[in-house]
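Trainee: With the hints as extra help, turn the sequences into a complete structure.
Chains as they are written, first to last, in the numbering used here: chain A, 828 to 1034; chain B, 283 to 502.
No wet-lab data here; the hints were simulated from the structure. Yeah, the Cβ is synthetic: ideal placement off N, Cα and C, and Gly gets one too. There's no promise every hint is true.
As the list claims (entries may be wrong) - Covered stretches of chain B, going by a simulated chain A footprint (3 or more residues, C-beta under 8 Å): (1) 290-304; (2) 352-360; (3) 363-373.
Unchecked claim - Simulated restraints, written as ranges between beta carbons of each label pair: (4) A:D895 - B:S369: 17 to 27 Å; (5) A:A1005 - B:L444: 45 to 55 Å; (6) A:G960 - B:L500: 16 to 26 Å; (7) B:L500 - A:A964: 19 to 29 Å.
To be verified - As a list, the in silico SDA-like pairs of lysine to any residue whose alpha-carbon atoms are at most 20 Å apart: (8) B:K290 - A:I924; (9) B:K290 - A:A935; (10) B:K290 - B:S303; (11) B:K290 - A:L921; (12) B:K290 - A:Q928; (13) B:K290 - B:I302; (14) B:K290 - A:A958; (15) B:K290 - B:R349.
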Amino acid sequence: MQGQSNHETKRIGLTCQGLSVWRNGTRVVRDLSFEIGCGQTLMIAGPNGSGKTSILRALAGFLACDGDIGFNAAPLAATHMHYVGHQSGLKQHLSVIENLQFMAAILAGARPNGVAEAMDIWGVVRLAHSAVGELSAGQLRRSAMARLTVVARPIWLLDEPFTALDQAGRDILSAQVAAHCSAGGVVVASSHEPLPFADQHLNLGVV
Amino acid sequence: MLLYHIMKQDIVLAWRQGNISLVLAFLMIAVTLVPFGIGPELDLLRRLAPGLMWVILVLAVLLSLDRLFQSDVEDGHFDQLLLGSLSLEGLAMAKILAHFCAIILPLALALPIAGALLNIAPAALPILVMAVIAAGPALCALGAVGAALSVSVQRAGLLTALVVMPLFVPVLIFGASVTHQALADMTVNWWALAALLLVSVAAFLLSPLAIAAALRVLLR
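Mentor: As structure tokens, this is what we get:
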């Protein structure tokens, strides 16, 4: 369980020492350590049930874990992170634009005009006033991802980001990740298929 | 400001998901059925009305509490709230206030119509509305504790009711005594009303701590 670096890490970014994660009383991740420099992307691979989602949720603070997690040599805070998981986090009965405006308000630090720009970038302008409950899986995914662009945060935690996205959607995501990394951001993504933007790989192997 | 955004969203959702109309419909159906059950004795109905009114109100609130936190947890919305800068206690407070505005206020406004169907004297209705508004924060706050405790249980409706019912007893006692005196001689029982308000303030201030603790269990 060692992270292998393809590039030299430039600046200290997200560091994780001796991470153990529990779910329902069983330990799903044992003593994991990795380091991701600023501007880099870590891809977590592994079979179903190997703990990919658990690692991401533990980093986000949604699951109890042991170990030292730091960002730029300080403790990691909730306000550093974006999390996009299997559940969209969007409210079915609200429209896409209402959902994103709410996200902009609660996540704080939204870019001026961020909602309109994000909908444009992610190609959901046409859906702005449709209720989220009426969207297709891919449209839902794009709308959920749009919050990455609405509010700037240094760490993106993406759980199988390519799921349900079409090729155009994948291209948008890759471009956004590239822009995020060139601005010094960190991305941790789990995936079953190779991600074009991954700098480091972490393979959780067999269960 | 954050509180305001969460409240606004919850109120809009309560309207669009039909929670408000569901609760109002329940109130109207219940008060329509009661006279059929009791029979054509206006005097008996008048005597039973205050107690029935409170029981129906409490049941209506319980009906609306069911998925207060569960729906947020299921669609991942709760995760996003955790990534915001608002504490769980603040979140709980926003939810309680929103529930009060979205459920209790419409119920209180519909009370005069429901009261007419139960043969409550029109002069007593303003006092009744006042009592319900005074009791509202307590009903919402204590109900939210129940909803938070049963958040990880599937189809928790009945469980929430079991947890919450005993907590509602003081509210029912003081509420009924305000109503009884109002119907007896059209005066306000200020002591009982003050007690209702006190229970409401205490519940509103203390229950966010319990709700936050219950929700933290989800993070284990």
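Trainee: Honestly, which of those hints from before does the structure not fit?
Mentor: The structure breaks none of the hints.
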